[in-house]
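Protein chains in written order, with our numbering: chain A, 1 to 298; chain Y, 1 to 288.
Please note: incorrect hints may appear among the correct ones.
With beta-carbon atoms standing in for the labels, derived distance ranges [as the list claims (entries may be wrong)]: (1) V73/A - I55/Y: 38 to 48 angstroms; (2) Y56/A - D62/Y: 52 to 62 angstroms; (3) P205/Y - P209/A: 23 to 33 angstroms.
Some chain Y residues flagged as far from chain A (calculated, every beta-carbon gap over 10 angstroms) [unchecked claim]: (4) R11; (5) F68; (6) A183; (7) G204; (8) P205; (9) E221; (10) S226; (11) L267.
For lysine-lysine, the following DSSO-like pairs were computed, each having C-alpha atoms within a straight-line distance of at most 27 angstroms [unchecked claim]: (12) K178/Y - K115/Y; (13) K96/A - K10/Y; (14) K186/A - K10/Y; (15) K286/A - K115/Y; (16) K96/A - K186/A.
No lab work stands behind these hints: they were computed from the structure. Since the structure is predicted, the reported quantities are computational estimates derived from the model, not experimental observations. Beta carbons are placed, not taken as given, at the ideal position from N, Cα and C, and that holds for glycine.
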Amino acid sequence: MKGFKPSAPFLLLLPAGIVLAAVVVVPLLLSLYSSFTPFRLIKPETFYVFIGFRNYLSILANTDFWWAFGRTVLLLTIALNLEMLLGLGLAMLVEKATRGQRILRTLMMFPMMFSPILVGFQFKFMFNDNIGLINNALQSLGITQDAIPWLIEGHLAFIAISIAEIWSSTSIFAILILAGLLAMPKEPIEAARVDGCTPWQTFRYVTWPFVMPFAYIAMTIRSLDVARAYDIVKIMTDGGPAGRTELLWTLVARTAYSDGRMGMANAMAYFSILLSIAFTVYFFNKLAAARTQIGAEW
Amino acid sequence: MDENSSARLKRRLLGIVYRIGLFLAMLTICLPGLWIVISSLRPTVEIMAKPPVWIPQEISFDAYVSMFSGIGKGGIPVIEYFRNSLIISVTSTVIAVAIGMAGGYAFARYRFRGKSSVFLGLMLTRTVPGIALSLPLFFLYVRLGIIDTHFGVILAYVALNVPFTIWLIDGFFRQVPKDLAEAAQIDGCTRWQAFWQVEFPLAGPGIASAAIFAFLTCWNEFALASQLTRSVSAKTLPVGLLDYTAEFTIDWRGMCALAVVMIIPALTLTFIVQKHLVGGLTSGAVKG
Numbered sequence: 001m002k003g004f005k006p007s008a009p010f011l012l013l014l015p016a017g018i019v020l021a022a023v024v025v026v027p028l029l030l031s032l033y034s035s036f037t038p039f040r041l042i043k044p045e046t047f048y049v050f051i052g053f054r055n056y057l058s059i060l061a062n063t064d065f066w067w068a069f070g071r072t073v074l075l076l077t078i079a080l081n082l083e084m085l086l087g088l089g090l091a092m093l094v095e096k097a098t099r100g101q102r103i104l105r106t107l108m109m110f111p112m113m114f115s116p117i118l119v120g121f122q123f124k125f126m127f128n129d130n131i132g133l134i135n136n137a138l139q140s141l142g143i144t145q146d147a148i149p150w151l152i153e154g155h156l157a158f159i160a161i162s163i164a165e166i167w168s169s170t171s172i173f174a175i176l177i178l179a180g181l182l183a184m185p186k187e188p189i190e191a192a193r194v195d196g197c198t199p200w201q202t203f204r205y206v207t208w209p210f211v212m213p214f215a216y217i218a219m220t221i222r223s224l225d226v227a228r229a230y231d232i233v234k235i236m237t238d239g240g241p242a243g244r245t246e247l248l249w250t251l252v253a254r255t256a257y258s259d260g261r262m263g264m265a266n267a268m269a270y271f272s273i274l275l276s277i278a279f280t281v282y283f284f285n286k287l288a289a290a291r292t293q294i295g296a297e298w
Numbered sequence: 001m002d003e004n005s006s007a008r009l010k011r012r013l014l015g016i017v018y019r020i021g022l023f024l025a026m027l028t029i030c031l032p033g034l035w036i037v038i039s040s041l042r043p044t045v046e047i048m049a050k051p052p053v054w055i056p057q058e059i060s061f062d063a064y065v066s067m068f069s070g071i072g073k074g075g076i077p078v079i080e081y082f083r084n085s086l087i088i089s090v091t092s093t094v095i096a097v098a099i100g101m102a103g104g105y106a107f108a109r110y111r112f113r114g115k116s117s118v119f120l121g122l123m124l125t126r127t128v129p130g131i132a133l134s135l136p137l138f139f140l141y142v143r144l145g146i147i148d149t150h151f152g153v154i155l156a157y158v159a160l161n162v163p164f165t166i167w168l169i170d171g172f173f174r175q176v177p178k179d180l181a182e183a184a185q186i187d188g189c190t191r192w193q194a195f196w197q198v199e200f201p202l203a204g205p206g207i208a209s210a211a212i213f214a215f216l217t218c219w220n221e222f223a224l225a226s227q228l229t230r231s232v233s234a235k236t237l238p239v240g241l242l243d244y245t246a247e248f249t250i251d252w253r254g255m256c257a258l259a260v261v262m263i264i265p266a267l268t269l270t271f272i273v274q275k276h277l278v279g280g281l282t283s284g285a286v287k288g
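The following block holds chain A by itself, in its conformation from the complex (with noise of 0.2 angstroms):
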């Protein structure tokens, strides 16, 4: 029994990197491959011409991706940090009420349900410039006469769609942030107002360090997903007006599917690859010291 006990964790781990071998690393190797070459749907045997970089570089003088993968990086930027902020106040709020705190511990993970084609979809028809809830509301209450045109002018629809992404994830950095503040003890708090902290100063010192490893989950969390934004783009302007709300995955899927230039489009689609491994290393690696520094096992 000793001599099979090392391998024990090995066997028990084989059925699932089976499964991501087959299905995630293979393919992706297979598409490293063919960004190197010019394969195109409609042309199979371009598969086996081999072009070297000059698929990277070509995408490297794209204004057109630039720009995608800018906004890309800016939506993200300003998305998860108020998403931050916002679950902060949220969970603080729902912290404090002294009734009725599981029916809003209900409500407020409401969002999470939706997937997020649904989230596009219902902020698209709430934001239609014609029969929107927003637009609608906006005249009753006289202070817009005109309509305002949300999803077809570019900036409006950029705020549109960090509205919806941001409504949709908020709730899950509150959840975890109520978790933490709910396992918190009361003592440190009490302790630092006996010796005469303010408010300010307790949250700073006291509760954010405590709650801060809870964030960092959200933030993990967050960034294993953070391309669902492309299924909320996908339905509210498909990367339109005319390109000002294309993101990396929309023109990602674009290159490959309408334009069927698969070689090109892998290309692509490994920077969003890079994108969205570095945000995930850079806030594993915060969740894993922000558990040492508490002294969690790991």
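Given chain A, work out where chain Y should sit, using these hints.
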């Protein structure tokens, strides 16, 4: 005395501000969903009305009736999409949880070299954006002839769910004290028996919520499904939702009704697991 009453007034004012803030926050969270439910129940004329009609004048279930009465009347084959979604989600959930249980147990109970890099590696496979993964998968599936089949989508979804399922189940097994299984082994159980009779029942509710989470991921997934499925024989509900926008005019009411149909299973299941879900994700964040 004066100081007292002003402090009391300040406290009351803060209380009111707090309530308003809470109310507004909850309104923002709930309104979009409620608006969809309301819109699915009102006639199209009312949705399109200018000036807007705020309070529904009549309630009708026409959208739902026509949706479920087949291709001819509702425009899109919702029943088939629903069936595909159900088959694909349930099958891939069962497989992903079985694999995730093995992996999660390994992380929770064994020490081995490179543990945290293996864990990080697993997570990294999950970060690959669905649309980026769909390119090579699409190509491979066409070659293997499993494009537009249940099997192909199930395979992709299992891989999609395994990393996260491992993370969750790892957390649940950590919450079960090691001593219990050890005590059972001292009493003569094999490790296998100790697992099934002691640890598994205790982690059971957590594993169930991992399963529900995996189910929801499959139920809601769009980027992969939209490329790996083509026809009624494998399309899932999220992909079907786009059928409504394919034409120049959008059938808002029909779309709202389909959205409600999609959200009901997700809503019910999430309510059941909410408590365990948070527990599993955060276990290990703080020393218990």
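Given pair status - K115/Y, K286/A, alpha carbons within 27 angstroms: With a Cα-Cα distance of about 17 angstroms, the restraint between K286/A and K115/Y holds, given a limit of 27 angstroms.
Status of the stated non-contact between G204/Y and chain A (beta carbon gap over 10 angstroms): holds, 19 angstroms
Minimum Cβ-Cβ distance from P205/Y to chain A exceeds 10 angstroms: Holds, since 17 angstroms exceeds 10 angstroms.
Restraint status (C-alpha distance of K96/A to K186/A at most 27 angstroms): Given pair K96/A, K186/A holds - Cα atoms ~13 angstroms apart, limit 27 angstroms.
Satisfaction of the hinted span 52 to 62 angstroms by the C-beta atoms belonging to Y56/A and D62/Y: Since the Cβ atoms of Y56/A and D62/Y sit about 54 angstroms apart, the hinted range of 52 to 62 angstroms holds.
Holds or violated: K178/Y to K115/Y, with C-alpha atoms at most 27 angstroms apart: Between K178/Y and K115/Y the Cα gap is close to 18 angstroms, so the pair holds against 27 angstroms.
Hint check for I55/Y and V73/A - Cβ pair distance inside 38 to 48 angstroms: Distance hint for V73/A, I55/Y holds at roughly 44 angstroms.
Status of A183/Y, Cβ more than 10 angstroms from any chain A Cβ: Given that every Cβ of chain A is farther than 10 angstroms from that of A183/Y, nearest at about 18 angstroms, it holds.
Given as non-interface: R11/Y, which should sit over 10 angstroms from chain A by C-beta: holds, 13 angstroms
Chain A versus S226/Y - minimum CB to CB distance exceeding 10 angstroms, so not interface: For S226/Y, whose nearest Cβ neighbour in chain A is about 8 angstroms away, the distance does not exceed 10 angstroms, so it is violated.
Given as non-interface: F68/Y, partner chain A, CB spacing beyond 10 angstroms: F68/Y is indeed farther than 10 angstroms from all Cβ atoms of chain A, at 19 angstroms.
Distance restraint evaluation - P205/Y, P209/A, Cβ atoms, bounds 23 to 33 angstroms: Given range 23 to 33 angstroms: holds, Cβ gap about 31 angstroms.
Hints 9, 10, 11 from the earlier list are contradicted by this structure; the remaining hints agree with it.
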